[in-house]
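Here the protein sequences line up with chains W, P and B, keeping their order. Quick note, the first sequence lines up with residues 370 to 638 if you use our numbering. Quick note, the second sequence lines up with residues 33 to 275 if you use our numbering. Quick note, the third sequence lines up with residues 61 to 309 if you use our numbering.
Treat the hints as calculated values from the structure; they're not laboratory data. For each residue, glycine too, the CB sits at the ideal point set by N, CA and C. Misleading hints may appear alongside valid ones.
Computed spacing ranges between beta-carbons, pair by pair [claimed, not checked]: (1) 401(W) to 154(P): 55 to 61 angstroms; (2) 190(B) to 182(P): 56 to 62 angstroms; (3) 218(B) to 498(W): 27 to 33 angstroms; (4) 385(W) to 115(B): 22 to 28 angstroms; (5) 132(B) to 548(W): 28 to 34 angstroms; (6) 441(W) to 81(P): 44 to 50 angstroms.
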Amino acid sequence: MSTGKRRVGAETPLFVWVGASCALLFLLLPLVGLLKRVAWSGIFGAVASGPASEALRLSLITSVFATMIALVLGLPLAWVLARIEFRGRSMVRALVMLPMVLPPVVGGVALLGAYGKSNGLIGGWLFDVFGLQLTFSPLGVVVAEAFVALPFLVMAVESGLRSIDPRFEESAATMGLGPSERFWKVTLRLLAPSLIAGVAVAWARALGEFGATITFAGNIEGRTQTTPLAVYLLLESDPEAAYALSFVLLAICVAVLVAMRGSWMGRRS
Amino acid sequence: MCSRARGHAWKLDGEALMSVMLKGSVRQGRLILDIDVAVGDEIVAISGVNGIGKTTFLRVLAGLLPLDTGTLQVNGNVLDDVNNQIFVPAHLRNVGMVFQDNVLLPFLSALDNVAYPLMASGIGRQEAQQLAIDAMGQHGIGHLAQMKPTQLSGGQQQRVALVRALINKPQLVLLDEPLSALDVDARREVRSWLRDQLKSLPGTKFVVTHDLVDIAELCDREIAFMQPQLQLLGNETQTTIVR
Amino acid sequence: MTVALASLLPTAVRASPIVEVSKLQGDLTISAATSLTDAFTELAKQFRKVNKGVKVRLNFGSSSTLVAQIESGAPSDIMASADLTNLEKLVASGNVVVTPKVFARNTMAIAVKPGNPKSVRSIADLVSLSYIALCGKTVPCGVYASSVLTRAGVVIAESKVTRGIDVKATLSAVANGDADAAIVYKTDVLAAKKSVVGIDIPSAQNVKAMYGIAPIRGSKNSANAKAFIDFVLSEQGWQVLKSIGFERP
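Turn these sequences into a full structure, and let the hints guide you.
Set out below in structure tokens:
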């Protein structure tokens with residue numbers, strides 16, 4: 370294989386280096402700008418109590434549940450899209466991408482149209498029969514976050530499924546594994562990197578969700594005021610707290626994503 | 033050395049005694065395969081140009097591809113019968129198969145790959161691993177046990193795949209170019225090991241190969257795939273083997 | 061002199077433009093509170109008719125957000141705020157150096173769903189509702205709403221309050237969402253027409269929102285800004301504000 374760093378560098382065209390550096394700079398400069406504004410000495414105090422800590426706790430819990438829903442619903446959907454040929458498949462795939470291209474606030478309006486207690490398609494029924502009101506509730510936050518995160522997971526998993534050589538599963542069949550066993554022991558394990566990536570992206574999207582959440586689940590301190598909402602409001606009244614909160618969320622996100630990559634991206638030569 | 037079979041032996045022996053009887057057709061994309069074959073407990077070479085359907089034939093035998101018409105019987109068991117809507121899927125046929133490119137499971141070590149068929153048939157993990165390591169040791173690849181397939185060379189992967197295919201004493205062995213990744217010396221060595229292994233197994237063993245030496249050394253019979261139909265050749269070995 | 065003449069004319073006739081005003085050129089960026097959306101859109105339209113050379117850009121948002129933007133350096137020429145507190149912030153930070161002028165007053169009202177399904181008649185009735193919408197705590201209409209609640213002696217648990225980022229979002233929570241009631245400006249209730257029903261708040265509990273306007277220091281379009289502010293404060297400007305539902309300052 371390659372004999373050293375110098376050789377690999379020489380093979381990469383200059384415009385690729387330039388483009389990559391610009392991209393990195395583009396992303397990192399605002400990050401550095403944010404870090405500069407954080408008042409490091411007071412950071413723990415700003416985040417440890419009051420609305421900020423409630424917002425953080427709410428965000429972490431709802432985003433995890435939302436990601437789980439995205440996984441449970443998204444995996445079968447991705448399977449169908451990847452493995453089963455049916456008429457209208459590309460139409461269905463385009464529809465699944467819809468929450469991605471909808472402006473989040475519009476997504477929130479759409480959710481109201483479906484699950485709103487007053488005017489929603491089934492919202493009134495949910496309330497009358499089950500006493501369940503999604504709007505203004507943490508469950509509504511989970512629904513809003515899952516709605517925007519689902520397409521990301523479906524996309525990653527469908528792509529992963531398509532890239533699996535079907536002969537692995539056939540090989541497992543000739544070794545005596547039935548369909549269900551093959552799914553859990555072979556397919557899922559081959560799918561693991563794409564699955565992890567899909568979960569990571571979906572979770573990050575759920576965590577940062579603002580427009581759909583505030584429109585559908587409202588903005589109630591302690592109940593539906595997630596971190597992005599809290600940061601937005603804090604920016605006017607207490608910018609220091611807003612920066613601190615933003616940083617803490619960012620740090621948690623980075624820590625989790627780095628940890629995930631380490632265990633699953635393998636050590637290829 | 034191969035024994036010489038002449039003519040259409042299967043007619044002489046009578047249907048009931050044949051281990052594998054396949055008469056039917058299958059369509060795979062633009063390929064239509066019309067097969068009429070009956071063989072006994074033999075090592076059968078399958079030859080023919082690329083793309084003619086040799087791998088498709090193996091897949092039908094393995095249960096990965098159902099027939100469109102016809103029937104398949106192995107050792108008296110009907111595995112595929114289109115008219116009566118019988119189809120036994122691959123995981124329920126006792127098959128040992130080596131695919132082209134080996135297809136070892138990349139997330140398992142070589143040892144776990146070899147042990148897999150044993151565990152799938154109900155043997156406990158410890159015991160399966162012990163049997164696997166013994167088998168690998170016998171074949172001289174015991175030292176590869178803990179390595180992942182991506183860390184093995186093509187030839188090493190192929191040997192592991194062979195051990196894995198045979199470990200469960202399958203009633204039907206299907207090898208798709210099993211020696212293709214080996215160099216000449218390794219090939220000779222593995223070929224003679226393979227011959228001993230295959231001969232000790234009951235049941236039919238199909239080997240897809242382009243190598244004339246494989247055909248001569250390994251097999252009892254050769255089936256040549258030709259367009260438009262499959263033909264059964266007697267094995268008059270006229271080729272000269274260079275050592 | 062021209063002004064005196066104009067006041068003699070019947071109000072249906074538009075005041076003829078002062079010659080210097082119509083020669084104004086350039087841009088004019090106005091940051092205005094969300095509750096001024098309809099009023100300032102109309103005012104800008106009439107201003108443009110007379111000052112064809114001026115390109116007016118309207119930037120609506122909650123007064124507190126707009127102040128934060130200006131203090132971060134957003135290029136605005138005028139600030140029109142729903143309260144005087146936010147203008148005082150700008151004075152304190154040096155972004156406004158003249159005395160802000162009060163140009164309108166507003167009061168609060170309760171907005172409920174059409175048909176008033178929960179039979180809300182007063183502030184006190186809000187306690188029994190599941191969820192109500194108020195503006196954010198630091199947004200002027202949220203501050204006024206708090207005052208109203210205090211004056212009415214009513215306490216509502218924060219866990220039942222959804223906070224909108226500005227008054228339109230707050231109203232939308234009732235009009236389009238599941239909030240049972242909101243406390244917003246009377247002008248917003250009027251503007252929403254059929255999508256909500258307004259419940260008056262008695263003056264003993266109500267507050268007077270004082271709307272102020274001031275030019276931003278250092279803006280490049282100070283002549284345009286002055287002309288627009290004069291227009292807002294003029295009789296013609298007042299007619300527009302009155303038609304929306306604002307009260308005389």
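Right, here's what the structure says about each hint:
1. 401(W) to 154(P): 55 to 61 angstroms: holds, 59 angstroms
2. 190(B) to 182(P): 56 to 62 angstroms: For residue 182(P) against residue 190(B), whose Cβ atoms are near 59 angstroms apart, the range 56 to 62 angstroms holds.
3. 218(B) to 498(W): 27 to 33 angstroms: holds, 29 angstroms
4. 385(W) to 115(B): 22 to 28 angstroms: At roughly 43 angstroms between Cβ atoms, residue 115(B) and residue 385(W) fall outside 22 to 28 angstroms, so the hint is violated.
5. 132(B) to 548(W): 28 to 34 angstroms: Distance hint for residue 132(B), residue 548(W) is violated at roughly 60 angstroms.
6. 441(W) to 81(P): 44 to 50 angstroms: About 49 angstroms separates the Cβ atoms of residue 441(W) and residue 81(P), which means 44 to 50 angstroms holds.
Hint violations for this structure: numbers 4, 5, all remaining hints satisfied.
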